[in-house]
Amino acid sequence: MHKLGCFEQLEERRTPRITGSDISLSDPEDDQTRNGSAPLALVHGFEPDVVGRGAGKWWAPGGPLAVKAVGVPAPRRPLVPGALLLPVLAGTGAADHRRHIGSSVPGFPVICPLESFTCSSRFCIACLHFCNHGKCNLFNGEWIPNPSGPSYTNASCRFIDDHQNCMMNGRPDKGYLQWKWKPYGCDLPPFNAVRFLDSMRNRAWGLIGDSILRNQVQSLLCLLSKAEEPVEVYHDKEYKHRRWHFQSYNFTVSLTAVYWENGAVVGCHYCQNKNLIELGFEHLYRKTLQKVFSFIISAKHKPVIFFRTWSPDHFKNGEWFNGGSCNRVAPYKKREYREGYTEHVMRDIELKEFYKAEAALRGSGDVERLKLMDTYSLSTLRPDGHVGPYRTPYPFAKDSKNAVSVQNDCLHWCVPGPIDAWNDLVMKMALDR
1 MHKLGCFEQL EERRTPRITG SDISLSDPED DQTRNGSAPL ALVHGFEPDV
51 VGRGAGKWWA PGGPLAVKAV GVPAPRRPLV PGALLLPVLA GTGAADHRRH
101 IGSSVPGFPV ICPLESFTCS SRFCIACLHF CNHGKCNLFN GEWIPNPSGP
151 SYTNASCRFI DDHQNCMMNG RPDKGYLQWK WKPYGCDLPP FNAVRFLDSM
201 RNRAWGLIGD SILRNQVQSL LCLLSKAEEP VEVYHDKEYK HRRWHFQSYN
251 FTVSLTAVYW ENGAVVGCHY CQNKNLIELG FEHLYRKTLQ KVFSFIISAK
301 HKPVIFFRTW SPDHFKNGEW FNGGSCNRVA PYKKREYREG YTEHVMRDIE
351 LKEFYKAEAA LRGSGDVERL KLMDTYSLST LRPDGHVGPY RTPYPFAKDS
401 KNAVSVQNDC LHWCVPGPID AWNDLVMKMA LDR
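Each residue of the sequence shown is one higher than the one before, starting from 1 at the first, in the UniProt record's numbering.
By construction, these hints were calculated from the structure, which means they are not laboratory data. Note that the coordinates shown come from a computational prediction; the quantities given were computed from them, not determined experimentally. Treat the hints with caution; some may be incorrect.
Using 27 Å as the maximum straight-line C-alpha spacing, the simulated DSS-like pairs for lysine-lysine come out as follows [claimed, not checked]:
#, residue 1, residue 2
1, 300, 356
2, 334, 352
3, 226, 428
4, 180, 334
5, 182, 226
6, 428, 371
7, 428, 180
Generate the whole structure from the sequences, applying the supplied hints.
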């Protein structure tokens, strides 16, 4: 059996049917290994279109928002994937809680719960995600050729950090620059700096997150600077907390990251101190999201918030510290990406906590100010867009001091590159409100 994900494309040889409360597909190759690899790590071989490394990011395009969060360390070693049951609806009264809507799967409806229905399984969450976005899901689509390439380069933008400046550092291939994200069933316009800034006149944005968020801010500033160069009005000593002002529009962009836990040590991950409680990364990420969503729900300040899902890495044959690399020069096709244990667990946590918060806000009639910006799926398809070895200038040059031991970065993204599509989505979501 293969569960029918809301965003999956059907193969003609599979026969859809309703079995109990689950939408299923018969498949003669059920649970078999593929090309010598192990079976997929979810019950009935369901292949998630979505889930990587890098904490969720917080956007507040209605005003500044101070959010405190707990840092989430990455695990040191891979763990064995687990399995999940993926019911669409549960209980004998399920028929009373569902409605039919159009589907992104040609020829088949998707059964979705009404707004009063809640669920926690990943498959049910995926269906809720589709239902909430209607017939056009901005995050379900494909990368299509874009011969014109990016709207800026390292020569035209001064906001690119050296470690993500692949052009400046001598990356020889340029194919990774010639793709654009195309959602199924609708258009995603390219970023329009003048229109965006004009709509954000006299407003302030707070962007809260880690180094991946800083990576995205570089792209955003490059795109916006085509209309007006911002003035940096503040930065801390480490340049992790920064603020820019677009004077003609009185628009402010602030970048920050704060980590806390009541000033006390409550446990650790891979503890050397046996007197401390072992708390896995799952615990830390779940608690972080619970605290932040709780703050959003209860705070008197009511900004619009985009929660961006976390960013996948594409390390092969190791990690950043032991020789891992990413050498692809073209995007993946659908289902070519194989999700790891960490990606699966963290993705599951963030979706569950987001939809719990959304349900709480729905009860207060305030749900429209919290939006899911689900960039995970489209990012999993772009192993070619990472910095790779080009985090330093010309790493393979004969006279380079880095030529002997080149370290790859398969987590952060080249700027310009696929990360520009994230800001196309930011503009679309912000202006469509």
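Evaluated hints:
Only pairs whose Cα atoms come within 27 Å are accepted, and residue 300 paired with residue 356 is accepted, the gap being roughly 19 Å. With a CA separation close to 24 Å, the supplied pair residue 334 and residue 352 stays within the 27 Å bound. A hinted pair counts as satisfied when its Cα atoms are at most 27 Å apart, and residue 226 with residue 428 qualifies at roughly 18 Å. At most 27 Å may separate the alpha-carbon atoms for a hinted pair to count; residue 180 and residue 334 meet this at roughly 15 Å.
In summary, the hint linking residue 182 to residue 226 is supported, as the alpha carbons are separated by about 23 Å, within the 27 Å threshold. With a CA separation close to 12 Å, the supplied pair residue 428 and residue 371 stays within the 27 Å bound. Of the pairs offered as hints, the one joining residue 428 and residue 180 holds, with about 15 Å between alpha carbons and a cut-off of 27 Å not exceeded.
Against the hints set out earlier in the document, no violation occurs for any number.
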